[in-house]
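Asker: Residue numbers (the working numbering), protein chains in the order written: chain A, 1 to 519; chain B, 1 to 323.
In case anyone wonders, no lab produced these hints; they're calculated from the structure. All of these numbers come straight from a predicted model, not from anything done at the bench. Among these hints, one or two may not hold up.
Stated by the list, open to error - Quick list of in silico lysine-lysine cross-link-like pairs, DSS-like style, CA-CA up to 30 Å:
no.	chain 1	residue 1	chain 2	residue 2
1	A	Lys385	A	Lys404
2	A	Lys402	A	Lys365
3	A	Lys365	B	Lys199
4	A	Lys380	A	Lys402
5	B	Lys199	A	Lys103
6	B	Lys199	A	Lys16
7	A	Lys16	A	Lys404
8	A	Lys385	A	Lys402
9	B	Lys199	A	Lys404
10	A	Lys16	B	Lys131
To be verified - Here are some chain A residues pointing at chain B (derived, C-beta under 10 Å):
no.	residue
11	Leu53
12	Arg56
13	Gly58
14	Ala77
15	Arg78
16	Arg81
17	Glu87
18	Ala96
19	Val102
20	Pro148
21	Leu160
22	Arg425
Think of the CB as a built atom: it goes at the ideal place given N, C-alpha and C, for glycine as much as any other residue.
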Amino acid sequence: MSELLAVRDLAVSYRKVPAVRGVDLTVESGRTLAVVGESGSGKSTTAHAVIGLLPRGGRIDRGSITFAGQELTALSARGWRAVRGREIALIPQDPAVSLDPVKRVGEQVAETLLIHGLESRRSAPAAAADLLRRAGIDDPARRARAYPHELSGGLRQRVLIAAALAGRPKLIIADEPTSALDVTVQRRILDHLGALAAEENLALLLITHDLGVAADRADEIAVMSDGKVVERGPSAGLLAAPGHAYTRQLLSAAPSLSAEPLRPRRETGEPLVSVSGLRKDFGPVRAVNDVSFELAKGQTLALVGESGSGKTTTARMVLRLETPTAGRVRFDGEDITNLRGERLRLLRRRMQLIYQNPYASLNPKLGIADIVTEPLRAFKAGSRKDAAALLDQVALPASMLKRKPAELSGGQRQRVAIARALALRPDLVVCDEPVSALDVSVQAQILELLVRLQEELGLAYLFISHDLAVVRQVADHVGVLRAGDLVEYGRADDVLHRPAHEYTKELLAAIPGHLENAA
Amino acid sequence: MTSYVLRRVAQALVVLWAAFTLSFVILYLLPGDAVLAKLGGGEASATVTPEQIAQARAEYGLNDPWPVQYGKRLLAALHGDFGRSIATGDTATHMVLSALPPTLAIAGLGLVLAIVFGGGAALAGTYTRAKWLANLLLSLPPLGISLPVFWVGLVLIQIFSFQLRVLPALGNQGPQSLILPAITLALPTGAVIGQVLAKSLRTQLAEPYIETVWAKGAGRGRVHFGHALRNAAIPVLTMIGVVAGQLLAGSVVTETVFSRDGVGRVTTAAVNGQDIPVVQAVIVLAAFFFVVINLAVDLVYPLLDPRVRQNPAARTRKELVHG
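Put together the whole structure using the sequences plus the hints.
Answerer: See below:
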């Protein structure tokens, strides 16, 4: 076994603020090392230092990075150009924004070949098509002529993998390569990447926030927290017997590794929302097709599906933000399908929405006190004086009231969004992917908060998620949507443990960490 | 794609019609009488009889009810006829068109200079690694915007014509006479182009796809010119459509400062003399240029950005993003 990459005592800072403080890592040829940590742990900074692409203001303070015997920290700009793409390649995080929007994808794959003189201008297109085929793209010659916006997220990520493979590198850094993708797509891509790495004897440095992904994919795991590696070891051993308190905390918080519901599941109750034969067409496209379900007071119904499954459209029809093409929506015994005007406005008091992205759903110019009391003032049901009580409900101190959203962490912002949704004492809260933009330990806290509030206030949740691992912690009932159809619907334990539909089985199998759990 | 082009052409025609109608409303229907201005101006005023006024009004078609006037003038305008100049008796169309070549010469040269120097400053300023040079180059556009056009013109004349004696100060003689007016005209336009391109380049260079290019082992040149520039050019193109209109407006001041013949001079004279047919011809001509340039910009868009080719509505979204 030869050490391909060795990072010794690496320290990186951004404008004097330390981000990485003395990290040691080694990766051997043909092996996969996963670096796991939450945002701000320094995992991404470490990865970028290895390929010499620290963001503006980032600087290596001390330590060494040796790659195949060569010291990288001392490289000139010219020296780096020979390493990047040829020796070390990068698969970036978000395929939606990591390709040049105005160039054909074939050209972008061929670019690596041309930069390093591996192919001539004449031979590069064919070589690029071949790389696309190896990255798992059908009909590569045709796809090569496509522009990025014409491809799905999964295909774009495959294009980026092809571009990374092009220079026949010895090490590939994959920075959260699939976290922006649907779980089934994520699984196929990681499988494919693993197979390619094995075929070519590539070393893989996998950066992820998801211990489940790390457990499935890596030979070795390094857990990072606050700029340091707190624990390092072979995957199986590290997960079975975590030595460090932080690793244990991550393990217990990781939704993919804990199957237990946060409270006992409820089976029966008085219906609050009942939906029958719901359909929505956008022009010729049928987004939702004949969907029926019931949600009881004080319970949680999870709608699960991947992008384009119609789960958000369904929720919007329940909230009457979208009018159904066909079907009925009943709320607390009343048919609200065609409600309009003032009566619809009054109904809005009783149903609230929590959005996915707490960074985008709060007005950055307003103070927290104004944000949480806005619904109260809109319905003349209260004033700014009620703000402290609302924050207290979501366990935020009153000292936050004077702050602006930018001064809060992601988890704090989501708490503010929850406080705002609860201000009017609604009966129904629609949670649209409420935790998918958050770190795992924060996710766990927010889920616990949602469950506690449900107990205290008797709320019903319509919980929209692509993540079955999160769903099984909170749902009483589960509906699985695919391409607008409700393919499976029933009690959570039935759907999650005894799935009837093939697609549900596929979704369950795609949960990271599943392989280890089953074993 | 065809429907995209047809829609843009239709929009262009609507803009032209609106320019004509608006100028008709403002010039013909609002108070103020060109005939009185002509006949009543100067020493002759005492000798004008009401009959003469009536005759003159009939001659210019001012006695018809306004819908009839509007219909007649619109029909005539469609044939390129805006009536006769009240001041000279020449047709307004001929006056404006014969003043056009010198104006087009300085406006065209001005636009080229603006793109070369504005774009050059932005490209070099974002490309160079020398901080002082970047700061210097990127402070040029804001400086250019804040300098008044007439003052720049006077300074240029002072230096190049009176001190160095290398270029003529005034007049239309020879290609050398183009240089100073064109520079004067290019300055504010180039400054805007430079500022928008520099901002747009910096935004693009911070995008994740640029990191992908670096990670392939690309050098600065490839990153800058091969990827960032084409993406950054998209909002600049929109900007050029807007500032090209400014070039015509700027020619009024520039031609006055440099005593050049051209549309600017004709405009000044027509406005001062309330020579309404000429003013309207100028307005419609200006609208025509604005529309043609923006049509050209719209047609170049899909060549630069494949997203517009499929979905022209995407363009509006992009503009919002790049705001």
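Asker: Run every hint past the structure and note whether it holds.
Answerer: Structure-based check of all given hints:
Between Lys385/A and Lys404/A, the direct Cα distance comes to roughly 17 Å. Compliance with the 30 Å bound is thereby established for this hinted pair. Using a Cα cut-off of 30 Å, the hinted pair Lys402/A and Lys365/A holds, with the two alpha carbons roughly 12 Å apart. Pair hint Lys365/A plus Lys199/B holds up; C-alpha atoms about 24 Å apart against a cutoff of 30 Å. Straight-line distance between C-alpha atoms of Lys380/A and Lys402/A comes to about 22 Å, which keeps the hinted pair within the 30 Å bound.
For the hint pairing Lys199/B with Lys103/A, the CA-to-CA distance comes to about 22 Å; that is within 30 Å, so the pair holds. A threshold of 30 Å between alpha carbons decides the hint, and for Lys199/B with Lys16/A the separation of about 27 Å falls inside it, so the pair holds. Proposed proximity of Lys16/A and Lys404/A is supported: the alpha carbons are some 26 Å apart, at most 30 Å. This hinted pair checks out: Lys385/A and Lys402/A have alpha carbons roughly 12 Å apart, not beyond 30 Å.
Of the pairs offered as hints, the one joining Lys199/B and Lys404/A holds, with about 27 Å between alpha carbons and a cut-off of 30 Å not exceeded. Using a Cα cut-off of 30 Å, the hinted pair Lys16/A and Lys131/B holds, with the two alpha carbons roughly 20 Å apart. A cut of 10 Å between beta carbons decides the hint on Leu53/A: the least distance to chain B is about 6 Å, and the hint holds. This hint holds: Arg56/A has a C-beta 8 Å from the nearest C-beta of chain B, less than the 10 Å allowed.
Checking Gly58/A against chain B by beta carbon gives a least distance of about 13 Å; that is not within 10 Å, so the hint is violated. Against a cut-off of 10 Å between C-beta atoms, the interface hint on Ala77/A holds, since the closest Cβ of chain B lies about 8 Å away. Annotation: interface hint on Arg78/A holds; nearest CB of chain B at approximately 8 Å, less than 10 Å. A distance limit of 10 Å between C-beta atoms decides the matter here; for Arg81/A the minimum to chain B is near 5 Å, and the interface restraint holds.
With a cut of 10 Å, the hint placing Glu87/A at the interface with chain B holds, because the nearest CB-to-CB distance is about 9 Å. For Ala96/A, the interface hint holds, the least distance from its beta-carbon to any beta-carbon of chain B being 9 Å, beneath 10 Å. Among the interface hints, the one on Val102/A holds; its C-beta lies about 5 Å from the nearest C-beta in chain B, closer than the 10 Å criterion. Annotation: Pro148/A was flagged as interfacial toward chain B, and the flag holds, the nearest CB pair being 8 Å apart, inside 10 Å.
With a cut of 10 Å, the hint placing Leu160/A at the interface with chain B holds, because the nearest CB-to-CB distance is about 7 Å. Interface restraint check: Arg425/A against chain B, minimum CB-CB distance 37 Å, threshold 10 Å, status violated.
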